[in-house]
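Residue numbers (the working numbering), protein chains in the order written: chain F, 1 to 488; chain S, 1 to 488; chain R, 1 to 488; chain D, 1 to 488.
A portion of the hints provided could be inaccurate.
Stated by the list, open to error - Heads up, simulated DSS-like pairs for lysine-lysine below, C-alpha to C-alpha not over 30 Å straight-line:
hint	chain 1	residue 1	chain 2	residue 2
1	S	LYS143	S	LYS431
2	S	LYS208	F	LYS445
3	F	LYS398	D	LYS345
4	S	LYS212	F	LYS437
5	D	LYS431	F	LYS263
6	S	LYS466	F	LYS186
7	R	LYS377	R	LYS392
8	S	LYS186	S	LYS334
9	S	LYS431	S	LYS377
10	S	LYS448	F	LYS44
11	S	LYS50	F	LYS377
12	D	LYS328	D	LYS459
13	S	LYS437	S	LYS408
14	R	LYS345	R	LYS263
15	F	LYS263	F	LYS445
16	F	LYS263	D	LYS409
17	F	LYS392	D	LYS348
18	D	LYS377	R	LYS50
19	D	LYS355	D	LYS143
20	D	LYS481	R	LYS437
What the hints assert, rightly or not - To spell it out: a stretch of chain S is covered by chain D in this simulated footprint if at least three of its residues, at any positions, have a beta carbon under 8 Å from a beta carbon of chain D; those stretches are:
hint	stretch
21	303-316
22	334-347
Keep in mind that the hints were calculated from the coordinates and are not lab data.
Beta carbons are placed, not taken as given, at the ideal position from N, Cα and C, and that holds for glycine.
There are 4 protein chains.
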Amino acid sequence: MLRGRFAEGISPLLLEFSGTVQGDLEFFYEDVWGSQAHVLMLAKQVIISKHDAGKIIECLEDISEEFGAGQFKPDSSLEDIHINIENRVIDECGMDFGGKMHTARSRNDQVLTDTRLHLRQEILGVEEAVLELQNTLLALANKHSADVMPGYTHMQHAQPITFGFWAAAYASMLSRDLERLSNAYKHVNVCPLGACALAGTSFPTDRKYTAKLLGFDDVIPSALDAVSSRDFVAETAAALAILMSNLSKLSEDLVLWSSFEFKFIEFADDFATGSSIMPQKKNPDMAELVRGKTGRVYGALMQILTVMKGLPSGYNRDLQEDREPLWKALGVVKLSVAVMDAGLKGAKINKENMKESLDTDFSTATELANHLVREKKLAFREAYTITGSLVKELVSHKKTFRDVVDVKKILSKSGVEIADWEISDILDPVKSVHRYKSLGSASPKEVKRIAADLLADNKARAGELKKRQSKIEAAKELTMKEIKLLRT
Amino acid sequence: MLRGRFAEGISPLLLEFSGTVQGDLEFFYEDVWGSQAHVLMLAKQVIISKHDAGKIIECLEDISEEFGAGQFKPDSSLEDIHINIENRVIDECGMDFGGKMHTARSRNDQVLTDTRLHLRQEILGVEEAVLELQNTLLALANKHSADVMPGYTHMQHAQPITFGFWAAAYASMLSRDLERLSNAYKHVNVCPLGACALAGTSFPTDRKYTAKLLGFDDVIPSALDAVSSRDFVAETAAALAILMSNLSKLSEDLVLWSSFEFKFIEFADDFATGSSIMPQKKNPDMAELVRGKTGRVYGALMQILTVMKGLPSGYNRDLQEDREPLWKALGVVKLSVAVMDAGLKGAKINKENMKESLDTDFSTATELANHLVREKKLAFREAYTITGSLVKELVSHKKTFRDVVDVKKILSKSGVEIADWEISDILDPVKSVHRYKSLGSASPKEVKRIAADLLADNKARAGELKKRQSKIEAAKELTMKEIKLLRT
Amino acid sequence: MLRGRFAEGISPLLLEFSGTVQGDLEFFYEDVWGSQAHVLMLAKQVIISKHDAGKIIECLEDISEEFGAGQFKPDSSLEDIHINIENRVIDECGMDFGGKMHTARSRNDQVLTDTRLHLRQEILGVEEAVLELQNTLLALANKHSADVMPGYTHMQHAQPITFGFWAAAYASMLSRDLERLSNAYKHVNVCPLGACALAGTSFPTDRKYTAKLLGFDDVIPSALDAVSSRDFVAETAAALAILMSNLSKLSEDLVLWSSFEFKFIEFADDFATGSSIMPQKKNPDMAELVRGKTGRVYGALMQILTVMKGLPSGYNRDLQEDREPLWKALGVVKLSVAVMDAGLKGAKINKENMKESLDTDFSTATELANHLVREKKLAFREAYTITGSLVKELVSHKKTFRDVVDVKKILSKSGVEIADWEISDILDPVKSVHRYKSLGSASPKEVKRIAADLLADNKARAGELKKRQSKIEAAKELTMKEIKLLRT
Amino acid sequence: MLRGRFAEGISPLLLEFSGTVQGDLEFFYEDVWGSQAHVLMLAKQVIISKHDAGKIIECLEDISEEFGAGQFKPDSSLEDIHINIENRVIDECGMDFGGKMHTARSRNDQVLTDTRLHLRQEILGVEEAVLELQNTLLALANKHSADVMPGYTHMQHAQPITFGFWAAAYASMLSRDLERLSNAYKHVNVCPLGACALAGTSFPTDRKYTAKLLGFDDVIPSALDAVSSRDFVAETAAALAILMSNLSKLSEDLVLWSSFEFKFIEFADDFATGSSIMPQKKNPDMAELVRGKTGRVYGALMQILTVMKGLPSGYNRDLQEDREPLWKALGVVKLSVAVMDAGLKGAKINKENMKESLDTDFSTATELANHLVREKKLAFREAYTITGSLVKELVSHKKTFRDVVDVKKILSKSGVEIADWEISDILDPVKSVHRYKSLGSASPKEVKRIAADLLADNKARAGELKKRQSKIEAAKELTMKEIKLLRT
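If we strip away everything but chain F, and leave its shape as in the complex, we get (with noise of 0.2 Å):
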């Protein structure tokens, strides 16, 4: 159809490097939406008359019926689905009508339509799910905001901390993810629509109703930008990619918990798997392919900035090479999210295990510390020195904190007088934890208030996220409408 201009039909061999037919059934229905919107902006313009849009946008309801019910085929000769279509609809209602419908239009401003409306609504989904998953570590953080375990810092016991706490860090982390998405999706729902090739056109469109049509929040101001960017792909790609080092991390801490050496957490039997070979194991395989996926995120960015490094300005068919990544990212990160939210769900939370964990080991020495200042009006490294000494000594004779008798004697040798129950009472964790006092401190008060002023910052981004939501169904209604009254 496009090859008037060429002595002979495209080769096989590159019609199968360069098609997209397969793919691009992703987008479908917003390629159909997006042929509807224009043919109406045609209409009302005057640039093709009411009757030929009303035939058009028929055919173009007959096709997507077809599609719905599996029955349209796409040939793949015809290099992708929107030439699919427009030679479907030339088919069905001739060229008279049908040859009237890339009026002031290109592909390359159409794709790229299709593909705004296609991410906008994966990128709604991705942060319906992340809303879900940091309501989940909400819950958790309630729930466990006083539970004991050890705080690590280079895989080391470092101070108490809580398990809430722990919920809570990821659920603040989580914020400011769905925070980059929130913003990707601004830059995402423009309209390029009408930028046609690279110049725009000599047709008098309206590009404003067109974008009004489709839900999008505005007009890309500049044809040649509209076609030549795609850093609304590439930032989207680097939310994602975020986000997914974040449940990276979250998954290697539920791997390590979930290791006999650990023991903190246990996944639930439908999320664990078992071995060939070996009868005797339970696998937290749900965390490690979340930890493993996440190099399926960072490749698909890493690829969306290669295929845009060095590009000249105007549309270059590397561009094509955007959605595959694009797409797989998205399905990726919301199977990961989800998959992460269901096992957290599932799973038990072995605090016994958690506080046990904190028995023999030193992680109160900084309160220590800290009381040595306050109570002994000691300098803050003075009482770090005295710790660490005591502390060396105690692992030499292979004793504990518990063993307050033999820290009393150290201590004494150093000149600090403690009595031995002021001695338990400041190693121990769980008192530890209630004596934090900083804003945003592992205590147990403070880990609610964290969680509160989070669930009120949730609730308020699910209300955006409706919001976009309802935006879009009202411009699906207003196109219906719009339809309704051409045809009147």
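Let chain F serve as the given structure and place chains S, R and D on it in line with the hints.
Using the frame of chain F, we list chains S, R and D on its own:
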């Protein structure tokens, strides 16, 4: 100093591998400011006495002066700049005073505070440079709004555009880069100080006060999130990487246009370089280098994402690797933008060559098809096919659109009758761009309109930038004021 | 089947996330072959009886036939293809026979065996395609060894070269790509089977025998290394990524040369595409797409490296993510090479345009300087400076090297006297390339010599390739023979 | 010096952006050597006189001495080190002599020569470090060949292995890393000198002679390939990135094993660091940093690949960006390997804890199933199912394999009768590892055998390395000898 718990000093090999003293000099002043704010807070909260605080701050000022005079010689064996400074403070005013500086603080939150203080300044610097480049592009857009040139898709002449239209498209892209940088800034300019190691502290600190003294917009709610997360680093790097992808596009255009074959643009002699062997060469090195340095920034992003992948929560030493790629990327980007700006300012735009390049091409073919739609009432696809055949036949006879008689004859064979003068008129590239009507098209009028809108946007952003800068200045002054008050 | 230890079946969500049944179909036949070899070994070592082995192998053959006939319907709920096949074998010949197939084996070593069997075949396929492309380039090198064109540095005309010289350079690059692929093959074609889960087994297996049956070059010595390592995947991906970087360079040249400004090359009509809006367009899509698909392969490499980063030893489920990027990258590369080959074969080389392009440039300046060194006994740097000034003055008067009188006059001012005929002679591009003397230079003689060497290299590699292919075929036959023997 | 063709000097901003003087110091000596070889060749081929050559070489020696004494102050305004040196030579011995040094050479081939000379030395350095680390691992393998520990899959106890088996697996991985480095070396150690700008030269140079003087294995056949290609850089970076992925795995193991929960290993005090706030901390920083620095090397690879993507053939200034990531990656890798080696050498292996960790797990379940296959003639899948149920029931009653009475009773319910002593025997982890029979298994005997093979391999590679080093030394001596001959 931190090795009270160890029997031995640190191995020189490990010190070489892990020490950061040299790199830390980058944020020396930020570290001092952070310590001042922290000590002021400790005094305000009566965790240490005003007198102690005064002594420490005096010491810090001395060290800062020394550093400014190039006389501060950090000791590499003390791991990093933070321990160096604390060590100096203790040396100078004794353990009784200096030993109190690190009360209720860890290096974990301290380093992150310094990083964020420095990073926000660097981001503002990049934004400033981008605003200037955008200004330059908009000046070009206005000056050349009507100077025609070929618009390219697939590196083929597609449709006539104007050089101003091209310049405005890049200005439009940069607007989104600025937004991404500004969004990243929001996630950067929040305060981790007071998170301590990961759990907060039992001292009654006032985190909001230190945040205010340091000009942060807010406190990071969760201590664990504050020390574990580097998404603000990755987000900044991603924004920079995407910006570089846009600059690499701009570079590619400029390199091509500097070639013998295009001759659309010529860099000033002071922005070009020669060859060591070929006497005649004048190379557009600067654009090539910007394109090449895109690799540094992509690499930096991948580095950061790799570091973050699969790390458990809490601080891990791997995270130290966040700053090297960050400072590197920021430095490269700031310079790349400045070089691009200076290069464009001095470049000679060869309007004549651009225009001539349209003389023998077929880039007004779309306009001819559009004309047939409008005047001959053909369906677009029909008009498209007729025009395609016309081009095919002209090419086979080595004719162009300038051969009006041939055009007329060939069109006539397709049943399209059209006068000589009309053919000339339609196929004239200059007239073509004036005929574009759609919003955001390459018509001189639209170019001016887009440029005006973007200029208003540019001014608004410059205002925002100034506000952020002022807030930082005000915070510095507030710190100074509080120090004075402390002494009275 | 593997859930005897669990109270519940696997969650459908987790199954969707973790299952690999569809992707595994890629190496169905390899899995069957691997199982046949394994079972033959079990019988040979009297771990199971010959009778048992015979039964199992019969079943495997049935399933294989079904698969070939498109009748094998794997059950997605059985996680992967391996469990599906084992399940079918047990179903068909009963637990007493089928239950023995997985003796002394784990999925860990099984999957890796399948992956390596499939991967080696794919690598050979890519190598074959590259050899063909290299052949095509060498044919071009020979045919056009004396057809002059501008050689570029910094996209500026640098010195005259020949089109054959250009083609030979790419053939030379591909030789190293072939070596890298061949090196990767060596790390691929070693046998993990028998490593079991990670520790080997207490059954007296014969790993060398299975390796031989499967055509592997050797056994991987350490079982833990065998199941933990994916460096063979990363090495293959890296070889492919570097190959694509070379193809992206070739693509860039071809895209530029297809442009209106260059017109050095024109793809055949069946290897070019049109526009949906611009009737005149003939786009070099194929080269653009190869360039764009470079991103897929870079992304795949980054994905694999990300997965491997920071994983502990032993098998982790993350490693399942090795195959998706691998098959994807191999498929894209093989097709890219084939498309490039077909595109070049059909392309029209516009020798005249290439030659003309040298008429008004200064690309023989270096030869002039060299001449002054040889004939006028000037130091090269002096000759260089004189020639540089000459070009500067010619440019300022809009003259070229063709303006012999001016050249003579300007040189004379620098004290260099040189006859008209000599100037013409020295500055003639065609004569210039014939004057090159150094090994590997652009002189037609050297081009032919380089091409001949590379062709010999190409033939030797093709021989190597055939040997590897034959070894695989021989192993397949050996397996069949052993199966027959088993039955007697 | 190279600006005879320009009206103006280079802009200071561009100079800051593009200059490489500081970075070039890295290969100062290589540049001098390269120039010496080039000048010797020019004299040998009578392109310049022996007298001229002698003078130039004298100058080069002077400059080299100055540099060694720290007195050579390069001028940043002269772009790079090459122009600096040529300029000094001209200054010192006059244009009549010094002006001849750059005859038949371009910076394009000169820089690449320097890069390759330096790079090959760096690769040998990395290989040397890796060989040493491999040696250390093999010593551990031998020493601990029979010291049992849990083998992990999915971070779950899988089967008993020995610490020696673990160490040998890493030694086995490193063998392939060494091979990849050695393969990269072959593509590095070939000579581009004499390719000049891209086309070779009309001077009768002898490229084979300079290649020999510089210790290269061969000459790069095509001049255009020689100056356009950076695949040797990418290949080296890829080999380093894969090596780092292996080190990151090793690091992850060591970080986990240093934790409170594992306590399998303890770094020496001089290879651990403390906290600024928590007095008790002993952190495995060194392993964390190696893991983190993996990001630098991945980033460097991605940087290089990005630079190469889509560049046209011929030299482009982007290619200057090849060295920064290369030197960075090599430095980081060499240090990482050395640190890992030293860390392992000093670490304490807690054999008792490793063994104890097997006391209450189910890691011998596979051996029980295997036993049932062997002694009770069950099909493996049946035995697997029975053992799986056994574990399930034991877990539900909080029993372990040590509870022999329960094991016996439960097995009996499945119809399996087995004596108490036999149960104890089968389920004993120490006996289990001795029972492994397969090639490459975790049995102490196999561990020793694997280690012995790898040690032989290590020695052979060390020999190869020495040979390459000797060849370089011999070439240096030959150059000195030829210089002496020149003077006589």
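Consistency of the hints with the structure:
1. LYS143/S / LYS431/S: 18 Å, holds
2. LYS208/S / LYS445/F: Holds: LYS208/S and LYS445/F sit about 18 Å apart, inside 30 Å.
3. LYS398/F / LYS345/D: 24 Å, holds
4. LYS212/S / LYS437/F: Holds, at roughly 19 Å.
5. LYS431/D / LYS263/F: Given that 30 Å is the threshold and the Cα spacing comes to 27 Å, the pair holds.
6. LYS466/S / LYS186/F: Judged against 30 Å, a Cα distance of about 24 Å means the pair holds.
7. LYS377/R / LYS392/R: 23 Å, holds
8. LYS186/S / LYS334/S: The hint holds at about 19 Å.
9. LYS431/S / LYS377/S: 22 Å, holds
10. LYS448/S / LYS44/F: 27 Å, holds
11. LYS50/S / LYS377/F: 15 Å, holds
12. LYS328/D / LYS459/D: 29 Å, holds
13. LYS437/S / LYS408/S: 26 Å, holds
14. LYS345/R / LYS263/R: Holds, at roughly 17 Å.
15. LYS263/F / LYS445/F: 26 Å, holds
16. LYS263/F / LYS409/D: 27 Å, holds
17. LYS392/F / LYS348/D: 17 Å, holds
18. LYS377/D / LYS50/R: Holds, at about 15 Å.
19. LYS355/D / LYS143/D: Given that 30 Å is the threshold and the Cα spacing comes to 16 Å, the pair holds.
20. LYS481/D / LYS437/R: With a Cα-Cα distance of about 28 Å, the restraint between LYS481/D and LYS437/R holds, given a limit of 30 Å.
21. 303-316: holds (count 6)
22. 334-347: holds (count 6)
Of the numbered hints given earlier, the model fails none.
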